[in-house]
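Asker: Required output: the full structure, derived from the provided sequences and hints.
Residue numbers (this note's numbering), protein chains in the order written: chain R, 1 to 424; chain E, 1001 to 1298; chain B, 2001 to 2291.
Some hints here could point you the wrong way.
[Unchecked claim] Derived BS3-like pairs (lysine-lysine); straight-line CA-CA distance at most 25 Å: (1) E:Lys1007 with B:Lys2186; (2) E:Lys1007 with B:Lys2194; (3) E:Lys1003 with B:Lys2018; (4) R:Lys192 with R:Lys71; (5) R:Lys141 with R:Lys192; (6) E:Lys1099 with B:Lys2022; (7) R:Lys417 with R:Lys219; (8) B:Lys2278 with E:Lys1007; (9) E:Lys1003 with B:Lys2171; (10) R:Lys141 with E:Lys1292; (11) R:Lys81 with R:Lys37; (12) R:Lys81 with R:Lys111; (13) R:Lys100 with R:Lys118; (14) R:Lys81 with B:Lys2278; (15) R:Lys408 with R:Lys228; (16) R:Lys243 with R:Lys411; (17) E:Lys1003 with B:Lys2198; (18) E:Lys1007 with B:Lys2198; (19) E:Lys1099 with B:Lys2278; (20) B:Lys2186 with R:Lys81; (21) R:Lys192 with R:Lys228.
Hint data in this document are derived by calculation from the structure and do not stem from the laboratory. Please read all numbers here as calculations on a predicted model, not as lab measurements.
Spelled out from the first residue to the last, the chains are:
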Amino acid sequence: MKVTLQNLTKKFPARGRKSRDEVIAVNDFNFEIPDGKLVGLLGPSGCGKSTALNLLCGLLKPTEGRIYFGKEDVTDLPPEKRGVGMVFQNYALYPHLTVKQNIQFPLENLKGADKLSKEEMQKRVLEAARLVQIDGLMERKPSELSGGQQQRVAIARALVKMPRILLMDEPLSNLDARLRLQTREEIRRIQKETKITTVFVTHDQEEAMSISDVIVVMKDGVIQQIGKPQEVYDAPKNLFVAKFLGNPPINVFEGSVRDGKLYLGDAAVMNLADAVRQESASARENASSQAGGSAQESASSQASGSDSANGAGQANGTRQASGSSQASGSTQPGSASHVIVGIRPEGFLPREDGPLVCGLKGMEIMGRDVSVLASHPALEEGANAFRAIVSAETQVDADASQIRFALKPGKVFVFSKDTEERLF
Amino acid sequence: MEKQNLKAWLYLLPAILFLGCFLVYPLIDVFIYSFEESYNFASQTSSGVGTYNYSYVLRDPYFLQAVKNTFLLVVITVPLSTGLALLISVGLSSITALKNLFQTVFFLPYVTNTLAVGLVFMILFKRTPYTDGFINLLLGWFGASPVDFIDGPYWAKMFVLCLYTVWVVMPFKILILTSALASVNRSLYNAARVDGTPPLRIFFRITLPMISPTLVYLIITGFIGAFKAYSDAVALFGANLNAAGMNTIVGYVYDMLYGSSGGYPSYASAAAILLFAIVFTITCINLLVSRKHVYYFS
Amino acid sequence: MSRQISKKDTESSASPGKRLVKGLNYAFLAFWGLVVLFPFYWMVLTSVKGYGAYNSEYIPKLYTLAPTLENYREAFTAVPLARYFLNTVLFTIATTLLMLAVTVLAAYAFARLSFRGRNLVFVLFLSLMMIPNELVVITNYVTITNLDLRNTFTGLILPSVTSVFYIYLLKENFEQVPDQLYYAAKVDGTSDLKYLWKVMIPLCRPTIVTITILKAIECWNSYIWPRLATDDQNYFLVSVGIQAIRESGFGRENIPAMMAAVVVISLPLILLFLIFRKMIMEGVSRGGTKG
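Answerer: What follows is the structure in structure tokens.
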């Protein structure tokens, strides 16, 4: 089932008597979720992602905008008529009912033509239980189950009525670290098997990146970027997205652009023209390798904020075009423009003759990689060290006071100092 | 360590003294009284030990009347007040506007003096040569002929007693049920809504089981409280309840102890112990029945 | 996640059926509100009707155009209402204070001091909660009579002091105060009593206030024990007093004056309730029962 959001907005009245400002939890959402995909709504807490989920579910009514499931406008339908399955953050299992009764509960509500016979119900319940592999625990009460098992029961209960859309609110947040890894693979597997369009909400970027087909990054009720996880990671649209994705997080410097070159302090660390060329090559590769990227398409047009109704492939190009035009506009020969520079930890290459000269503050051996802690005067205010992840084979002298890096072009992003939008 | 020990006992001493003198000793003593035959209050002597006091009480028509009254009161008011309180609490939980006002008003009877407000009920229901009273006025609008609810037929008196008892016990039940309803996890309701559960089914399949421990608590305390009814009856019918035919078991105990018919602590003790045998038995039955039907949080 | 879905948010669309249910709900609640409030209204109304006016109303009137305070004067002069009132205030204050002292000390011993047999003693205490008042009142009556304490404040107060439940409630609260505070105080050389007074009591003030109010309500409304322990009207408390007014009263059946007395007796607690509404309701839901 394809899901389309059109100008979806949810405002909450102000809390308290004094403040007059209403809270806009979801601000003008426009995007399309292709059929059978697993979509992660990602953002820091309070960004409106749970509100967005509750709008999809029907527990909340939007202030403005429409929601379509396929061709059907479901905006005014109550949750029970939308055919959605919902997995709540705390699972919301009925504590007085057994696992079997919990899973069966939604089926017992069906009336009229949909009404199921006892045998059919049994069959459906067992199918759902088998799918999530809890068919051995049918007579237990939720309190006798582990967190992971409860999660499975909640998923089974959401799936048993064969929903058109499956919604999950922070599905992994109540699980411990080990279970989380296991369960997210499980969710991926179940989604692949059932092919139900699934939307889940999380604040954990790793979680979202690892299993989603598409991620939607949100901040303060506004969509920042939509795309395949790797693409969003490789081409963040603004500083927020760049900072939010990636662990360890991106390193932020203050730099300047002069004569097509990027300066950190006094050192020209990169030739921007080269970088653009290299990136657009890889982007084109991505675009052509992506089949049926309708999400991508609407995503990018939304993300770039332009109304260009051009076809796929072009979408990625749009950003680069605007990026380079802005860059050329701001890089008048001789005059320097100040920018924010984000460099991924894996974007540093230790080189004897590297242009970026840094103080070496320490090293952490992590086996496969080495994490280098280094300092540089151009680091953003408040930070006193940045982290570079380099291959363990690279010989780094731990006792040296200095280390020099070259930068990998695709791992360096340049953002406007005013808008924090990405320039390169 | 020894010092700490001593100090602790010193801190406990007042409580132990008070409880010992006015709770533990009396508890033992009441059993002794109940088996001492022809105990004389003035000389504090008895003629022997036996079960005569019990058989006397059990044959006393006043006691039997009191038992009948008390059982009727219990059987009528406990289900009625619990059911009504549940309805009101559900109603309260589903509104936002005026909720605080309603809650405050509904709680008022809790902080009023049972004896004092009982008098108001009395004059509302009483029929005198000068006036039929307000309730009879109301009944008259529906074409009923006036009844004296205070000095009239038994059923009318029982009706007022039950009504007043319900009025008095409602605030506590409403308060407890409202907070029980509020503590049911909202996401359970959301889950049920997403699954298209009709409101009545949500109530019976989710709400009711979730608050069932509270309901059982209220029913059990309700039983115990109603078995101990006394002040309400005094307020409505005056201190001479035997004459009014409206005595309760507790009232019988006090009448045996004190007042014009009093001076028989042995009979009073026997009656009190019989009362608590009844209450204890019924509480046990309640607990056994509820254990089978109630969901408890682990 | 960050924003709980409230009822209001979800019920934006009101179908006619829903509106009807809502209306019926409000009507039902308003009806019960009327049932609760009407006796209060009637009591105040009757108390300001003139004696003559009241007795001439064969059909009771729902209002009065000539309110009078005469009945209040009558209530205070014809019967010793002021005396009952004062007695009750004294009884309530003395009993509550004694209860507080006993309860705080015992709760502190159970919560903070370690001594041999603490758990056993505590279990014994708890089991005392199950002893019904009606059983022990008989012996207490005999005891107080034998000690010649009837018609004294001592006789009224002493058996009314203890409440195992409040010891339990306060002990639970005391135990939530972190141990470190105690050790810190000990290191500074603070005595147990001073620690109790300066740290524990201020920290557990809400619970202490709650049990104080609950005990005060209980004292103000107590009827059975005061009735047994007093037959001299100089020692009557309000409950016994109002019953005496009812039985022998004003020499004649003076219902407006009786209602004036009822108003006077009811008012203090209603005021207390309106002021400490939240605290009282919370306290009661944590474990009060009527009576």
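Asker: Decide, hint by hint, whether the structure agrees.
Answerer: These are the hints, each one checked on the structure:
Between the alpha carbons of lysine 1007 (chain E) and lysine 2186 (chain B) the distance comes to roughly 15 Å, so the proposed pair stays at or under 25 Å and holds. Distance check on the hinted pair: lysine 1007 (chain E) and lysine 2194 (chain B) sit about 14 Å apart at the alpha-carbon level, within 25 Å; holds. Under the criterion of a C-alpha separation no larger than 25 Å, the hint pairing lysine 1003 (chain E) with lysine 2018 (chain B) is inconsistent with the structure, at around 69 Å. Under the criterion of a C-alpha separation no larger than 25 Å, the hint pairing lysine 192 (chain R) with lysine 71 (chain R) is consistent with the structure, at around 23 Å.
The hinted pair formed by lysine 141 (chain R) and lysine 192 (chain R) fails the criterion: a straight-line CA distance of about 29 Å is larger than 25 Å. Only pairs whose Cα atoms come within 25 Å are accepted, and lysine 1099 (chain E) paired with lysine 2022 (chain B) is accepted, the gap being roughly 13 Å. A threshold of 25 Å between alpha carbons decides the hint, and for lysine 417 (chain R) with lysine 219 (chain R) the separation of about 19 Å falls inside it, so the pair holds. A C-alpha spacing of about 37 Å is found between lysine 2278 (chain B) and lysine 1007 (chain E), which places the hinted pair above 25 Å, so the restraint is violated.
About 22 Å separates the Cα atoms of lysine 1003 (chain E) and lysine 2171 (chain B), which keeps this hinted pair within 25 Å; it holds. At most 25 Å may separate the alpha-carbon atoms for a hinted pair to count; lysine 141 (chain R) and lysine 1292 (chain E) meet this at roughly 16 Å. Taking the CA atoms of lysine 81 (chain R) and lysine 37 (chain R), the gap is near 22 Å; set against the 25 Å cutoff, the hint holds. Simply put, lysine 81 (chain R) and lysine 111 (chain R) have alpha-carbon atoms about 12 Å apart, close enough for the 25 Å limit, and the pair holds.
This hinted pair checks out: lysine 100 (chain R) and lysine 118 (chain R) have alpha carbons roughly 13 Å apart, not beyond 25 Å. With a CA separation close to 41 Å, the supplied pair lysine 81 (chain R) and lysine 2278 (chain B) exceeds the 25 Å bound. For the suggested pair lysine 408 (chain R) and lysine 228 (chain R), the alpha carbons sit about 22 Å apart, so the restraint of at most 25 Å is met. Our distance criterion of 25 Å between C-alpha atoms is met by lysine 243 (chain R) and lysine 411 (chain R), whose separation comes to about 13 Å.
For the suggested pair lysine 1003 (chain E) and lysine 2198 (chain B), the alpha carbons sit about 22 Å apart, so the restraint of at most 25 Å is met. Restraint check for lysine 1007 (chain E) and lysine 2198 (chain B): the C-alpha separation of about 19 Å stays at or below 25 Å, so the hint holds. Only pairs whose Cα atoms come within 25 Å are accepted, and lysine 1099 (chain E) paired with lysine 2278 (chain B) is accepted, the gap being roughly 14 Å. Distance check on the hinted pair: lysine 2186 (chain B) and lysine 81 (chain R) sit about 65 Å apart at the alpha-carbon level, beyond 25 Å; violated.
As the CA atoms of lysine 192 (chain R) and lysine 228 (chain R) are separated by approximately 17 Å, the hinted pair is consistent with the 25 Å bound.
The earlier numbered hints that this structure contradicts are 3, 5, 8, 14, 20.
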